[in-house]
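S.K.: Put the two chains together into one complex, using the hints given.
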Amino acid sequence: MTAFVESITAPHVLPPWKADGVQTWLFGFPLATRAVTDYVDTFFNLGDKDKARYAFEAQAGGETLGTLFVSTYPRIASAYSGQGSGRGDPAASLCVSETQVSVLVPVRRYLVTADNMKLDPQIYFFQPFAISDNSYMVFANREIIGTDVMRGQISLRNSERNGMTVETVIPAIRKFSPRSKEEELPFLRVATGPPREQYMGTYPGQGPPWAVQTVALKQFRDTTNLKAATYQATVTSTVTYRNIGDVRSYQPESVRLEFALWDTVKEILTRFLDLQDLPDHPLRYAVGFTADVTLDQVATLQTFEIA
Amino acid sequence: MTHYVQSVASQQVPPPYHFPDVTVNAFIWDADMAPIQVYCDRYLNLGDADERGFIYRPASFWPYGALVIIDYPTMVSSDPNREAKDIQGTPFPDRGFMSQREAFVVFPLLRAGAPLDKALLNTMVEWALPFITVENAMSAICGREMLGIPKFLGKIDICEGKYPDSFKARVGIPGWPSLQPGEMQDPDLTFLEVETFPALPTFRGGPDETSLWTLLRSGTAGKTIGALGTFNEFVESVSLGLYSFALRTVHLRQFRDATDPFKALYQAIVSCRSTYSSIHNFRFYNENDVKIRFNDRGSFSQILDGFLGARAARRHGQGRSIHIPGMVRAPRVRAAYRFNGNIDFDHTRTLHAFAVDQGDGQPKTKTSDDMLAPWFRPIRGFFSESGS
Chain A
1 MTAFVESITA PHVLPPWKAD GVQTWLFGFP LATRAVTDYV DTFFNLGDKD KARYAFEAQA
61 GGETLGTLFV STYPRIASAY SGQGSGRGDP AASLCVSETQ VSVLVPVRRY LVTADNMKLD
121 PQIYFFQPFA ISDNSYMVFA NREIIGTDVM RGQISLRNSE RNGMTVETVI PAIRKFSPRS
181 KEEELPFLRV ATGPPREQYM GTYPGQGPPW AVQTVALKQF RDTTNLKAAT YQATVTSTVT
241 YRNIGDVRSY QPESVRLEFA LWDTVKEILT RFLDLQDLPD HPLRYAVGFT ADVTLDQVAT
301 LQTFEIA
Chain B
1 MTHYVQSVAS QQVPPPYHFP DVTVNAFIWD ADMAPIQVYC DRYLNLGDAD ERGFIYRPAS
61 FWPYGALVII DYPTMVSSDP NREAKDIQGT PFPDRGFMSQ REAFVVFPLL RAGAPLDKAL
121 LNTMVEWALP FITVENAMSA ICGREMLGIP KFLGKIDICE GKYPDSFKAR VGIPGWPSLQ
181 PGEMQDPDLT FLEVETFPAL PTFRGGPDET SLWTLLRSGT AGKTIGALGT FNEFVESVSL
241 GLYSFALRTV HLRQFRDATD PFKALYQAIV SCRSTYSSIH NFRFYNENDV KIRFNDRGSF
301 SQILDGFLGA RAARRHGQGR SIHIPGMVRA PRVRAAYRFN GNIDFDHTRT LHAFAVDQGD
361 GQPKTKTSDD MLAPWFRPIR GFFSESGS
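Quick note, the sequences are listed as chains A and B, same order.
The numbering of the first sequence is this note's numbering, which starts it at 1 and goes up by one.
The numbering of the second sequence is this note's numbering, which starts it at 1 and goes up by one.
The shape of chain B in the complex, shown without the other chains (with noise of 0.2 angstroms):
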């Protein structure tokens, strides 16, 4: 094994972590499946599919998508071993912790394992971020460099909005007004503006029949979404993980080639797992009264092609949040709500290295597989000649 040299300078702190008592909001959408798609090809489905044996497809039975902004109070390295320590000898779980806020857009993917003799084997529902922002510099440069998670260093602004109990955002990051030669980036453009009225239930806001809060407005209803948490864990483990709320989200990492960035010295769908646990106070907001607007300007309208895609587009003028046309897209909310809870982020894999073209008459990098679903795991060695 080589050893990575730890930086003097910025000491990157390995998986896996404990993020105790985050408050989530979450934004749920109708998703377009053709950005979804596009995505899938241009960053997860490289190459020949025989030959890398997956293909990555939106999820149609979950045709959503979903903004979820986070708030963590503590993030602290939770290696059960100790074993990754600073320079000086200190394991990573005693020098301290951060905080931070982190905004992100997910949808659910499908991967199907391809041929036909992979398809049981390797087929389970991942998760895509086309969109990650986040406030600690050293979060940002983990996610990066570790796992390829493309994540922006932003500005996260949280608080109550206009109502006791409602919740307003605003997430700003670097961008470029318009693509105008010569354009000066702006440091902090504002990327997104969420508000909500005060959760449900409220005398404020418009009526909430449509809601999808009718459906569990019960005490019984609320509390079982709070017992769903543990119930989840145990779901999970009696499943062998083929039923699970654990949120495992698939990125495409490489590196550039110094002596020629456009070209890829190594390229890999990586994968991690964020477990939730322990929740509480889970509250619905009425999705009607939720507002939210992604700025559509300058070099912000490649990153909403990315996941919102032209349908949302089309929506101008038809939905029910605030718009301006050729600035502001807002798509339509479908239902929103927070929560209390834990966050263990884990389970740091590289699932299937692609064999990188060098140039210059170098032989190809070897390709490496791992994408046996977890279902499979404990029992792939009653299946495998060699018992391994």
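Okay, chain A solo, but in the shape it has when bound (with noise of 0.2 angstroms):
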């Protein structure tokens, strides 16, 4: 086994990632599945289809169930314990901040069989864009992981009174043109009416806890050939959600949900999102709560062949 030459200059959180006390919200908006069945094939039904491993599909039905995330991390550790680390203890790991907005997308991976059989569905998440306020997160989460995570400026307000406000800035271009400037530009901004009363802290908060599984394209470019593909994998994680509580719920039709249309931000959004659906897009579930999270059990599904 060839050992990862660690670098001072090259700076990563290795994952497993424990982080205590994480606010988080929840915003669930329906997506047509044509553009889910469309992602998915572009990014992870990849290679010769007789030797797939995997197969992934949109669910099925014509409306699927995206969830907008806001996170707020207060005190990230790596609990990363392999073979030169010396370490494994949180406790004993330097720490990062974070706060990331993402959305993310419910689709079946099937495990498929020599003959072509599609057997064992399982739920996994992709993330089809995620902003973080930290370039260190950034990085591990690019390069290890896969998930397409861009660097932006995240600013969140919380009140019981006046409910959750947050607004990103990302790096964007106005309108496409030879003379159009890149600049800090609005992206999203989601926010909240007060939470509803009758369902604020009713969670136990010693329940079951709640994991997502997430799927990437994790991939680099060849050097020479900038067009080419020098590797390409699925790789999964599982975020794990324990002691939730502090669950704050949010009547839907109070929040407002809005994306600033600069081209690039179209750009984004034209992938999942059906633009004529945008301004009077309805939410279906507004939530918020506080968890104890953990990032772990990072896999590479699928290494794909390059040709």
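Keep in mind that the hints were calculated from the coordinates and are not lab data.
It is possible that some hints are incorrect.
Result set (EDC-like, lysine to aspartate or glutamate): computed pairs, CA atoms no more than 16 angstroms apart in a straight line [as the list claims (entries may be wrong)]:
{"hint": "1", "chain 1": "B", "residue 1": "Lys155", "chain 2": "B", "residue 2": "Asp71"}
{"hint": "2", "chain 1": "B", "residue 1": "Lys364", "chain 2": "B", "residue 2": "Asp48"}
{"hint": "3", "chain 1": "A", "residue 1": "Lys175", "chain 2": "A", "residue 2": "Glu267"}
{"hint": "4", "chain 1": "B", "residue 1": "Lys155", "chain 2": "B", "residue 2": "Asp188"}
{"hint": "5", "chain 1": "A", "residue 1": "Lys118", "chain 2": "A", "residue 2": "Asp50"}
{"hint": "6", "chain 1": "A", "residue 1": "Lys51", "chain 2": "A", "residue 2": "Asp115"}
{"hint": "7", "chain 1": "A", "residue 1": "Lys181", "chain 2": "A", "residue 2": "Asp263"}
{"hint": "8", "chain 1": "A", "residue 1": "Lys227", "chain 2": "B", "residue 2": "Asp188"}
{"hint": "9", "chain 1": "A", "residue 1": "Lys227", "chain 2": "B", "residue 2": "Glu145"}
{"hint": "10", "chain 1": "A", "residue 1": "Lys227", "chain 2": "B", "residue 2": "Glu83"}
{"hint": "11", "chain 1": "B", "residue 1": "Lys155", "chain 2": "A", "residue 2": "Glu184"}
{"hint": "12", "chain 1": "A", "residue 1": "Lys227", "chain 2": "B", "residue 2": "Asp86"}
{"hint": "13", "chain 1": "B", "residue 1": "Lys364", "chain 2": "A", "residue 2": "Glu305"}
{"hint": "14", "chain 1": "A", "residue 1": "Lys181", "chain 2": "B", "residue 2": "Asp94"}
{"hint": "15", "chain 1": "B", "residue 1": "Lys366", "chain 2": "A", "residue 2": "Asp222"}
{"hint": "16", "chain 1": "B", "residue 1": "Lys85", "chain 2": "A", "residue 2": "Glu167"}
{"hint": "17", "chain 1": "B", "residue 1": "Lys366", "chain 2": "B", "residue 2": "Glu51"}
{"hint": "18", "chain 1": "A", "residue 1": "Lys227", "chain 2": "B", "residue 2": "Asp346"}
{"hint": "19", "chain 1": "A", "residue 1": "Lys266", "chain 2": "B", "residue 2": "Glu193"}
{"hint": "20", "chain 1": "B", "residue 1": "Lys291", "chain 2": "B", "residue 2": "Asp30"}
{"hint": "21", "chain 1": "B", "residue 1": "Lys291", "chain 2": "B", "residue 2": "Glu193"}
{"hint": "22", "chain 1": "B", "residue 1": "Lys366", "chain 2": "A", "residue 2": "Glu305"}
{"hint": "23", "chain 1": "A", "residue 1": "Lys175", "chain 2": "B", "residue 2": "Asp86"}
{"hint": "24", "chain 1": "A", "residue 1": "Lys175", "chain 2": "B", "residue 2": "Asp79"}
Restraint ranges, calculated between C-beta atoms of paired labels, are given here [what the hints assert, rightly or not]:
{"hint": "25", "chain 1": "A", "residue 1": "Met1", "chain 2": "B", "residue 2": "Asp21", "range": "44 to 50 angstroms"}
{"hint": "26", "chain 1": "B", "residue 1": "Gly161", "chain 2": "A", "residue 2": "Ala299", "range": "49 to 55 angstroms"}
{"hint": "27", "chain 1": "B", "residue 1": "Gly161", "chain 2": "A", "residue 2": "Arg256", "range": "42 to 48 angstroms"}
{"hint": "28", "chain 1": "A", "residue 1": "Arg189", "chain 2": "B", "residue 2": "Ala112", "range": "39 to 45 angstroms"}
{"hint": "29", "chain 1": "B", "residue 1": "Ala112", "chain 2": "A", "residue 2": "Pro209", "range": "52 to 58 angstroms"}
{"hint": "30", "chain 1": "A", "residue 1": "Arg34", "chain 2": "B", "residue 2": "Thr367", "range": "40 to 46 angstroms"}
{"hint": "31", "chain 1": "A", "residue 1": "Ala228", "chain 2": "B", "residue 2": "Gly161", "range": "44 to 50 angstroms"}
{"hint": "32", "chain 1": "A", "residue 1": "Glu160", "chain 2": "B", "residue 2": "Asp186", "range": "29 to 35 angstroms"}
{"hint": "33", "chain 1": "B", "residue 1": "Asp21", "chain 2": "A", "residue 2": "Arg196", "range": "53 to 59 angstroms"}
Partner residues aside, some chain B positions facing chain A, computed with beta carbon under 7 angstroms [to be verified]:
{"hint": "34", "residue": "Tyr4"}
{"hint": "35", "residue": "Ala9"}
{"hint": "36", "residue": "Arg95"}
{"hint": "37", "residue": "Gly96"}
{"hint": "38", "residue": "Phe97"}
{"hint": "39", "residue": "Trp176"}
{"hint": "40", "residue": "Ala258"}
Idealized CB from N, CA, C, for every residue including glycine.
M.R.: Written out as structure tokens, the structure reads:
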């Protein structure tokens, strides 16, 4: 086994990660299934279909429920305990903080047999986009797991009286043209009303953990021919929420979900969202809670052959 | 060919790039060979010397390192064939441009072919970047993922200092003030500060009789330096790249395994070229008045060890720069100057892919080698049995 040459100038927070007291908000919204099918075919159903060990499909029906996650991690520690680390105790790790905004979309993953039978369906979530305000987490997510995380600025305000507001800013171009300059532009704004009183804190704090299995395409370009890939693989990981408490529910109709439709933003959204539906996009649910979160079980599901 | 699947969320813009009218401020100091040799052995001389066919060493004929701070008002994709396109089919040069600032430390390396039969054909001077910070997130991502350049994403403030026509800069990057367990990262910790007096000639600052500038103070000499930019392009062409002021940098590009991030999936030495042209407004600073202060606390000490080494540490109390022992390292500056010009970034190549042992009984990955010196490339066919 060849060891990765650790570099002090190549910062990585190695998974698994552990963070306590994470505040999370979830906003469910419908997506067109055809957009999800297009996405999984482009990013996950790669290579020779006869050699594919797994197949990804959108959920059945004409609509898929996507979820916008907004999470603030006050303290993330690496719990990596592998060879050469000399670590494993999150309390002994150097720590980072992060606020992340991302969309998760569920898909079904099948095991494909030699007879082309599709067995063992499991639900995985992919992230068509994610924004993080911490560059170390951006690099670790992108380079180790393959999650397509962008660096942005995220400001979040939360109060019982006024609800939660999150605003994101990313480097973007207003209108694609040779004379257009990239600027720091608003991307997404979410504002809730105050939480509904009858739901506040009623979830039992010691309830069962809630786990989300994610999948991402990890890939790197060939340096000489930059249109070609030198490595492609699907990578999975599991995000587990434990000790869920302080649950708040918001009236979906009171939540305003607004995208600033610069050309860069349109480009991101068109892959998984029908922009025609956006002005009156109905939210299906809006909740918030506090939990202890781990990201672990990072594994390579399938490495694609490079021709 | 297996196509790279262009991302929807963060579109990487592949090289080549054109950076017109950049402002470069450069500060040269005595380099310690020991940390540079450690750098070569750790990141470039991997595996067995005979198997890989080359050895990187410090270029002892040029024992200097440099801090370079560049302001890029325009960064644009310059693919002449317009083949690189976004997911909607627009060529990247037509989407727009970016701007940013960049700060890096660079020192020269001599790549010697080994064994003897490769000594002539594979030997050339290349440059290592033990530290680089950029302001633009996409620049950081493209550099790291496409070329293996270990870029930090940070904040670079550039302005005039106390006096008109002087230079002042601060570079902040995420870091940890101490290495105590549980220490929280500071997202904008000062890594370095630079300040000069006005560009020469000036009545301000210390005496300039010992400055390098005194050798070049005549108007003719100043114009000659400006003309060198154009001359270099000509010289590089006629010398087939043997003699060049273009900066060919080398980096170890490697990917971690997702399941065990301690394990490498891929390791290769990658090279790219930055060519400077249309150089003008070349001005010296009095190096005796230049103050460079590196923050020597917490996680930054390890970064500084990588290119300043113990020699700089011994200089605490000896240099002319401001210093606080245990908190700041201040290298002794030998020359300092600034100029404007254009930079073209191209010739990205995988010089050598190492055979990676993937474990679990899997075969090692294939090696590849493209180490031939540029001067030999056009005439290699005359010496090859197959003519290829």
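S.K.: Each hint needs a verdict: does it hold in this structure or not?
M.R.: For each hint, the structure was consulted:
no., hint, result
1, B:Lys155 - B:Asp71, "12 angstroms, holds"
2, B:Lys364 - B:Asp48, "15 angstroms, holds"
3, A:Lys175 - A:Glu267, "11 angstroms, holds"
4, B:Lys155 - B:Asp188, "7 angstroms, holds"
5, A:Lys118 - A:Asp50, "12 angstroms, holds"
6, A:Lys51 - A:Asp115, "11 angstroms, holds"
7, A:Lys181 - A:Asp263, "12 angstroms, holds"
8, A:Lys227 - B:Asp188, "35 angstroms, violated"
9, A:Lys227 - B:Glu145, "14 angstroms, holds"
10, A:Lys227 - B:Glu83, "9 angstroms, holds"
11, B:Lys155 - A:Glu184, "14 angstroms, holds"
12, A:Lys227 - B:Asp86, "11 angstroms, holds"
13, B:Lys364 - A:Glu305, "15 angstroms, holds"
14, A:Lys181 - B:Asp94, "11 angstroms, holds"
15, B:Lys366 - A:Asp222, "14 angstroms, holds"
16, B:Lys85 - A:Glu167, "30 angstroms, violated"
17, B:Lys366 - B:Glu51, "13 angstroms, holds"
18, A:Lys227 - B:Asp346, "15 angstroms, holds"
19, A:Lys266 - B:Glu193, "40 angstroms, violated"
20, B:Lys291 - B:Asp30, "15 angstroms, holds"
21, B:Lys291 - B:Glu193, "8 angstroms, holds"
22, B:Lys366 - A:Glu305, "13 angstroms, holds"
23, A:Lys175 - B:Asp86, "14 angstroms, holds"
24, A:Lys175 - B:Asp79, "21 angstroms, violated"
25, A:Met1 - B:Asp21: 44 to 50 angstroms, "48 angstroms, holds"
26, B:Gly161 - A:Ala299: 49 to 55 angstroms, "53 angstroms, holds"
27, B:Gly161 - A:Arg256: 42 to 48 angstroms, "47 angstroms, holds"
28, A:Arg189 - B:Ala112: 39 to 45 angstroms, "57 angstroms, violated"
29, B:Ala112 - A:Pro209: 52 to 58 angstroms, "57 angstroms, holds"
30, A:Arg34 - B:Thr367: 40 to 46 angstroms, "44 angstroms, holds"
31, A:Ala228 - B:Gly161: 44 to 50 angstroms, "47 angstroms, holds"
32, A:Glu160 - B:Asp186: 29 to 35 angstroms, "31 angstroms, holds"
33, B:Asp21 - A:Arg196: 53 to 59 angstroms, "57 angstroms, holds"
34, Tyr4, "4 angstroms, holds"
35, Ala9, "4 angstroms, holds"
36, Arg95, "5 angstroms, holds"
37, Gly96, "4 angstroms, holds"
38, Phe97, "6 angstroms, holds"
39, Trp176, "5 angstroms, holds"
40, Ala258, "4 angstroms, holds"
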